[in-house]
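Engineer: Each chain is listed here by its residues.
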Amino acid sequence: MAQEQKKPGGFSKLKNSDETKLPQGQSAPPSAQAALAKLEAAEVKVIHGANDGTFNLAGSKVQTVRASLVDAFNIPGDALSFVNGEQVDANYTLQQNDTLEFVKQAGVKG
Amino acid sequence: MAAKKAAATKSDEQPVAKKPLKIKVIGTGGIGLCLLPTLCRYLNYNGEKYPAVEVSLIDGDHFEERNRERQDFVEVGPKASMTAAEYRGKFPRLMFWDHPVYIADNNIIQLIRENDIVLLCVDNHKTRKLVSDRAEELKHVTVINGGNDWTDGNVLVHIRRDNKNLTPPLANKYHPEIVTPTDKNPAEVEQKAAGCAELVAATPQLLITNNYIAANMLAAFFNVVDEKQYEKVTAAPENYAELYCDLTTLKTVPRPRKV
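Quick mapping for you: the protein sequence lines, in order, are chains A and B. All residue numbers for the first sequence refer to the numbering used here, where the first residue is 1 and numbers rise by one. All residue numbers for the second sequence refer to the numbering used here, where the first residue is 111 and numbers rise by one.
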């Protein structure tokens, strides 16, 4: 239950390239092609530390993405959010082709 | 007149004496001692490329027996001085200076100067902030900072030329923990070595991570000092500003940062 609350969207919105590909020689009907194009265009790059990935997240809020990826990307609660190099708050709605980075604090020890 | 002209032409054709490379290694603990042997061997045996090299070792801490788990030293004593003494014998072409002090407000102006390449291997953000601020007072300086947690870490590279930042300083919008550090500078701690001792006691370190970060700091160093590679750096400096390193995923990833 707690896990479900932490990940409201789960990974259902993450792009799965296998599902979006059609068998060779087949063309998708116009409506499907439009849907595919929309999916492609809705991609958002998400970064934390050395981890990154590109997902279909346009329209999602930063806080939703953080909750979805908190375990997969090991994102600490205090990581600041930047979109295209500018700091944003948790309610920012992601646009297509955005790059969202949860910036990891600099390593302290040496 | 013709002889004079010929002499002038001949003189013009002489290779210009390269400026000495002035390297300041701040912190000779976990990362610093992983970085130094490779750095010094590379510079010592590339005399044509680097005819004059000065390496200053700066650290107010002392080697203790308990450091042997992560640090290679001959005998206990001031880290900067003991390491410099050992390396003078190993790498005779390099000029070593030792400064057995912590970087602080009262010495940073003397210790970090124009044209320095600073390899910052300390264990606190307070010192990083101090060095970051000092670098911004200079016209021409390079600061390569390394820091790590247990299995990951990052390298920050601040390149400043002709009073302009090509890459952001260490204290930048992405790293508020360096802009307003909440930790202690060891120089502020009453008992000299207690600052580092406190940190080490609180959070253990992995030598392999220290080495991973040191290797990436050296990669950044090479990109700055190698003439051909430096052209690529100046063409797109933002790509060299920060990299993240994670042992557990075997990844080292640059994260572009614009000024």
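Just so you know, the hints here were simulated from the structure itself, not pulled from any lab data. A few of these clues could be false.
As the list claims (entries may be wrong) - Okay, the calculated beta carbon distance ranges per label pair:
id, chain 1, residue 1, chain 2, residue 2, range
1, A, Gln63, B, Asn275, 30 to 36 Å
2, B, Pro161, A, Gln63, 55 to 61 Å
3, B, Gly157, A, Gln63, 55 to 61 Å
In this text, a Cβ means the ideal position worked out from N, Cα and C, and glycines have one as well.
Engineer: Failing hints, ascending?
Structural biologist: Checked against the structure, no hint fails, so every one of them is satisfied.
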